[in-house]
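Number of protein chains: 2
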Amino acid sequence: MNPVKVGICGLGTVGGGTFNVLQRNAQEIARRAGREIEVAQIAARSINPLCQTGSTLITDDVFEVVNNPDIDIVVELIGGYTLARDLVLKAIENGKHVVTANKALIAVHGNEIFTKAEEKGVIVAFEASVAGGIPVIKTIREGLSGNRINWVAGIINGTGNFILTEMREKGRAFADVLKEAQALGYAEADPTFDIEGIDAAHKLTILASIAFGIPLQFEKAYTEGITKLTSEDVLYADALGYRIKHLGVAKRTPQGIELRVHPTLIPAERLLANVNGVMNAVMVNGDAVGSTLYYGAGAGMEATASAVVADIVDVVRVMTSDPENRVPHLAFQPSSLSDVAVLPIDQCETAYYLRIQAEDSPGVLAQVATILSEREINIESIMQKELEHMDGKIPMILLTHKVSEAKMNDAITALEALEGVEGKVVRIRVEQLN
Amino acid sequence: MNPVKVGICGLGTVGGGTFNVLQRNAQEIARRAGREIEVAQIAARSINPLCQTGSTLITDDVFEVVNNPDIDIVVELIGGYTLARDLVLKAIENGKHVVTANKALIAVHGNEIFTKAEEKGVIVAFEASVAGGIPVIKTIREGLSGNRINWVAGIINGTGNFILTEMREKGRAFADVLKEAQALGYAEADPTFDIEGIDAAHKLTILASIAFGIPLQFEKAYTEGITKLTSEDVLYADALGYRIKHLGVAKRTPQGIELRVHPTLIPAERLLANVNGVMNAVMVNGDAVGSTLYYGAGAGMEATASAVVADIVDVVRVMTSDPENRVPHLAFQPSSLSDVAVLPIDQCETAYYLRIQAEDSPGVLAQVATILSEREINIESIMQKELEHMDGKIPMILLTHKVSEAKMNDAITALEALEGVEGKVVRIRVEQLN
Numbered sequence: 001m002n003p004v005k006v007g008i009c010g011l012g013t014v015g016g017g018t019f020n021v022l023q024r025n026a027q028e029i030a031r032r033a034g035r036e037i038e039v040a041q042i043a044a045r046s047i048n049p050l051c052q053t054g055s056t057l058i059t060d061d062v063f064e065v066v067n068n069p070d071i072d073i074v075v076e077l078i079g080g081y082t083l084a085r086d087l088v089l090k091a092i093e094n095g096k097h098v099v100t101a102n103k104a105l106i107a108v109h110g111n112e113i114f115t116k117a118e119e120k121g122v123i124v125a126f127e128a129s130v131a132g133g134i135p136v137i138k139t140i141r142e143g144l145s146g147n148r149i150n151w152v153a154g155i156i157n158g159t160g161n162f163i164l165t166e167m168r169e170k171g172r173a174f175a176d177v178l179k180e181a182q183a184l185g186y187a188e189a190d191p192t193f194d195i196e197g198i199d200a201a202h203k204l205t206i207l208a209s210i211a212f213g214i215p216l217q218f219e220k221a222y223t224e225g226i227t228k229l230t231s232e233d234v235l236y237a238d239a240l241g242y243r244i245k246h247l248g249v250a251k252r253t254p255q256g257i258e259l260r261v262h263p264t265l266i267p268a269e270r271l272l273a274n275v276n277g278v279m280n281a282v283m284v285n286g287d288a289v290g291s292t293l294y295y296g297a298g299a300g301m302e303a304t305a306s307a308v309v310a311d312i313v314d315v316v317r318v319m320t321s322d323p324e325n326r327v328p329h330l331a332f333q334p335s336s337l338s339d340v341a342v343l344p345i346d347q348c349e350t351a352y353y354l355r356i357q358a359e360d361s362p363g364v365l366a367q368v369a370t371i372l373s374e375r376e377i378n379i380e381s382i383m384q385k386e387l388e389h390m391d392g393k394i395p396m397i398l399l400t401h402k403v404s405e406a407k408m409n410d411a412i413t414a415l416e417a418l419e420g421v422e423g424k425v426v427r428i429r430v431e432q433l434n
Numbered sequence: 001m002n003p004v005k006v007g008i009c010g011l012g013t014v015g016g017g018t019f020n021v022l023q024r025n026a027q028e029i030a031r032r033a034g035r036e037i038e039v040a041q042i043a044a045r046s047i048n049p050l051c052q053t054g055s056t057l058i059t060d061d062v063f064e065v066v067n068n069p070d071i072d073i074v075v076e077l078i079g080g081y082t083l084a085r086d087l088v089l090k091a092i093e094n095g096k097h098v099v100t101a102n103k104a105l106i107a108v109h110g111n112e113i114f115t116k117a118e119e120k121g122v123i124v125a126f127e128a129s130v131a132g133g134i135p136v137i138k139t140i141r142e143g144l145s146g147n148r149i150n151w152v153a154g155i156i157n158g159t160g161n162f163i164l165t166e167m168r169e170k171g172r173a174f175a176d177v178l179k180e181a182q183a184l185g186y187a188e189a190d191p192t193f194d195i196e197g198i199d200a201a202h203k204l205t206i207l208a209s210i211a212f213g214i215p216l217q218f219e220k221a222y223t224e225g226i227t228k229l230t231s232e233d234v235l236y237a238d239a240l241g242y243r244i245k246h247l248g249v250a251k252r253t254p255q256g257i258e259l260r261v262h263p264t265l266i267p268a269e270r271l272l273a274n275v276n277g278v279m280n281a282v283m284v285n286g287d288a289v290g291s292t293l294y295y296g297a298g299a300g301m302e303a304t305a306s307a308v309v310a311d312i313v314d315v316v317r318v319m320t321s322d323p324e325n326r327v328p329h330l331a332f333q334p335s336s337l338s339d340v341a342v343l344p345i346d347q348c349e350t351a352y353y354l355r356i357q358a359e360d361s362p363g364v365l366a367q368v369a370t371i372l373s374e375r376e377i378n379i380e381s382i383m384q385k386e387l388e389h390m391d392g393k394i395p396m397i398l399l400t401h402k403v404s405e406a407k408m409n410d411a412i413t414a415l416e417a418l419e420g421v422e423g424k425v426v427r428i429r430v431e432q433l434n
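Those sequence lines, one after another, are chains G and B. For the first sequence, full-length UniProt numbering assigns the number 1 to the initial residue and increments by one for each residue that follows. For the second sequence, full-length UniProt numbering assigns the number 1 to the initial residue and increments by one for each residue that follows.
Just so you know, nobody snuck in bad clues.
Derived lysine to any residue pairs resembling SDA-like cross-links, with alpha carbons at most 20 Å apart:
1. Lys393(G) to Val364(G)
2. Lys424(B) to Pro395(B)
3. Lys179(G) to Thr227(G)
4. Lys120(B) to Glu324(B)
5. Lys5(B) to Glu324(G)
6. Lys170(B) to Glu269(G)
7. Lys120(B) to Gly34(G)
8. Lys5(G) to Asn325(B)
9. Lys5(G) to Glu324(B)
Simulated coverage check for chain G against chain B, where a stretch passes if three residues somewhere in it have a Cβ under 8 Å from a Cβ of chain B:
10. 20-28
11. 145-151
12. 299-313
13. 332-345
Pulled from the structure, derived: some chain B residues nowhere near chain G, Cβ distances all over 12 Å:
14. Gly54
15. Ser55
16. Asp86
17. His109
18. Lys220
19. Ile345
20. Ser381
Everything labelled a hint here was simulated from the structure, so no lab data went into it. Think of the CB as a built atom: it goes at the ideal place given N, C-alpha and C, for glycine as much as any other residue.
Based on the sequences and whatever the hints tell you, model everything.
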C-alpha cells in the first residue's frame with residue numbers, strides 16, 4: 001500500500017518532536033499501523049535546528065499544506081485560536097483528516113470544528129491537547145466506555161504543579177518559584193494561562209465533555225489560579241495530612257455538572273497528591289471501574305509528540321472505515337449529547353480549608369463556630385497554631401464538611417465582619433478523591 | 001440499526017458484573033457506541049443471584065451460545081485453559097467475534113487463537129485479561145503506538161499486593177496474611193497461581209508481546225513467588241528507602257527481552273511503590289513519552305466487567321470494517337512480529353539486595369567484599385543491624401549495582417561457603433524504575 005501522507009503545520013517544540021518521532025520510529029510505527037507514514041510537507045517559519053528535515057518539502061505558508069492534494073492528514077501544531085481555526089476548518093473543507101495538540105482551539109471552537117468534520121466525514125483527533133503523552137482521552141472515550149463516569153480530577157498543568165511542588169518541598173514563595181520556572185523554560189514569559197488556570201480550564205473542558213457527553217463549554221468553567229497561595233497555607237495543609245494541588249475537577253451531580261479549576265487540598269496518601277514537579281496525572285472515577293489514575297509527562301517535545309503520533313496511527317486505521325462506526329469526537333454520538341447544565345460555582349459543593357487571622361481569645365472561636373453553625377456548615381477539625389503569635393493574633397485553621405459555595409461565601413462575609421478577625425479569610429477547597 | 005447481539009458464557013463474578021453493567025448503563029453505552037448492545041443468550045451452570053436475568057435466554061451448554069446464529073459477539077468468561085480454548089476456537093470457526101478476560105488462555109494459547117481469528121477475519125479482544133479495569137492493553141497498543149517501548153513493570157496481581165501491603169504496614173508474617181486474604185475472598189482456596197507469580201506471569205507475557213511485538217512466550221517467563229519473603233526483609237527494605245513489590249518486568253535489552261516476575265525492591269518515592277492493597281498499577285516507559293503509569297482496581301466484579309464492556313464496544317465499532325485496518329491483536333501486524341529472543345534469567349541484569357547472616361567480625365566483611373569484587377559486582381551500600389545480635393551473628397545487608405544473574409548466583413554460592421556466613425543468603429532484585 002502507498003504510504004499515508006502527513007503535512008505538519010508548525011515545527012516548534014511539538015512539531016519538531018512529532019517530526020523526529022515519526023522519522024526515528026518509522027519502522028516500529030509501520031509495523032503497528034500496517035502502513036508507512038510519510039511526512040510529505042512541513043509548514044514552518046523557520047527550520048527547527050533539532051530536526052533533520054533533509055529533502056522534505058518545506059513552505060512558510062500553512063495553507064499550502066492544507067491545499068496540497070497529496071496530503072491525507074494535516075497536523076496542526078501552530079497553536080493559538082485564530083489562524084489555527086482557519087487552518088483546521090479549511091483542512092476539513094478540503095476533506096482532510098486533522099490531528100491537533102491545540103487545547104485552546106478545541107475548548108473554544110471544538111463544537112464548530114466537530115460539526116464541520118462530521119458533515120465532511122473526516123476525523124479531528126486531539127489526544128495531545130490534554131495531559132501531553134498520557135492517552136487519557138482515548139482512555140475515557142474508549143477504555144472506560146462501559147462506565148457512567150462520576151468525576152474526573154487532574155493535575156493538568158505542569159508549570160503550576162512545578163511551582164506548588166517547589167513551594168512545599170523548599171518552603172519557597174510563589175513569585176520566587178515562578179521566576180525560576182520561567183528561567184527553566186517551564187513557564188512562558190507571560191505565564192497567565194498557566195498560573196491563572198486558563199490552560200487547565202481548556203483541558204478540563206475537553207475532559208468533561210468526553211466524560212459526560214456534553215458540548216464543550218469553556219465559558220462556563222470556573223477558573224481560579226495559584227497566584228494567591230502562600231507557603232504558609234501549603235505548610236498548614238501538610239500538617240493536616242493534605243497536599244495542595246492545582247486541580248481541574250469535573251463532577252456529575254444530581255443538579256448538573258461541576259466544572260472548576262482551583263487550588264485544592266487532597267489527602268496526602270492519595271497517589272495524586274504525590275504527583276510532583278512538572279508531571280501530570282488524571283483520576284477518572286467510573287461507576288463500574290471505580291477510581292483509576294493515569295500519570296506521565298504533561299508537556300515536552302517528544303511526550304506530546306507521542307500523543308500526536310498515536311492519533312496519526314489511529315486516523316490511518318480508521319480513515320477508510322464508515323464514519324458512522326468511528327469513535328465519536330466527544331465520545332458520545334453527536335445526536336445524543338446531553339444538555340445537562342454546567343453549574344455556576346455558587347452551586348458547587350466542596351469541603352473547605354479556612355484560615356482565619358483571629359484574636360487569641362475563646363470568644364472568637366465561639367463566634368466563628370456560631371456563624372458556621374447558623375449556615376449549617378459542619379466543622380471537621382480546628383487547628384490553632386499558638387507558635388505563630390503575631391500582635392496577639394493567631395491563625396485559626398478549620399476544615400469543614402461539604403457545603404455549597406454560596407453558603408460558604410455568606411459565612412466568610414460574616415466571619416470577616418467579626419471584630420476579632422483581621423483581614424481576609426483564606427479559603428481553599430478540599431476534595432477527598434476516594 | 002439492529003442491536004448487536006452478545007452471548008455471555010459464564011455468569012460468575014466477571015460474567016455477572018458484565019451482565020449488570022450492560023443492563024444498568026445500556027443507555028450510556030448506546031450513546032457512545034451508536035448501537036444498542038443486547039445480551040441475547042447466557043450460558044451458566046447456575047444463575048448468579050446478583051443478576052436479574054429476566055427473560056434472557058439461558059442455557060447450561062456454552063456451545064449453544066457459540067452455535068447460536070443470532071449472536072455476533074461471544075464473551076468467554078468461564079476461565080481455565082481447556083474448555084475455554086475449545087469454546088473460543090469454535091466461536092472463531094463460526095465467524096463470531098470474541099471478548100475474553102482469560103489471561104491463562106491468551107498467554108498459553110493466544111498465538112494459535114489469533115492466527116485462527118486472522119484467518120476468519122474476526123476479532124479476539126482481551127483487555128480484561130490484564131489489570132482488570134485499567135485499559136492498559138489499549139494504552140500500549142494504541143495510546144503509545146508512536147513509541148519504541150523500553151520497558152513495562154507492573155503490580156498485576158492484587159492478592160500478592162494485598163499480602164505485601166499487610167506485611168509491611170502491620171509487620172505481619174506471610175502465612176498469617178495469606179489466611180486472611182483467603183477469608184476475605186481475595187485469594188483462592190488454592191492460592192498457588194497468585195502467590196507463586198503464575199497469574200502475574202500470564203499477564204506479563206501478554207504485556208511483553210504487545211509492547212515489543214513478539215509472539216506470546218509464557219513458557220519462557222521467569223517466575224518467582226512471594227512465599228519466601230520475610231517481614232524482616234520488608235522492614236530492612238523500608239529502612240533503605242525502598243518498598244518490596246511483586247513485580248512483573250519486561251525489558252528490552254540489546255541482547256534480547258527480559259521477562260520476569262519476582263519480588264522487587266523499588267524506591268519508596270515512586271508512585272508504583274505507593275500502590276497498596278489489592279490495587280494494580282502498570283508503568284510503561286517509551287522512548288518518546290518517557291515513564292507513564294496506569295492505576296486502578298485489578299480485579300473485582302464490575303472493575304473487570306468495565307474492561308469486558310469496553311472491548312464489546314470496540315468490537316461493535318470495528319466489526320464492519322476491513323480487517324486489515326484493525327488494531328492487530330498483538331499490537332504489531334502478524335507478519336511483522338519480531339523473533340528477538342526472550343532471555344533466560346541467567347542473562348538478566350538487575351541490582352540486588354542481599355541479606356547475609358554473618359559473624360560480627362571485620363574479617364567477614366572483607367571476605368564478602370572480596371568475593372563480590374572478584375566477580376566485578378559493585379557494592380552500593382552496606383547496612384549492619386547491630387541491634388539484632390543473635391548468637392554472635394548479625395544480618396549484613398548489601399545493595400549492589402547491576403550485574404547478571406549468572407554472576408550473582410556464582411557469588412552467592414561462594415558467599416554461602418564462607419565459614420563466617422550462616423545458612424542461605426537472601427537475594428531480592430532491585431529496580432530503580434526511573
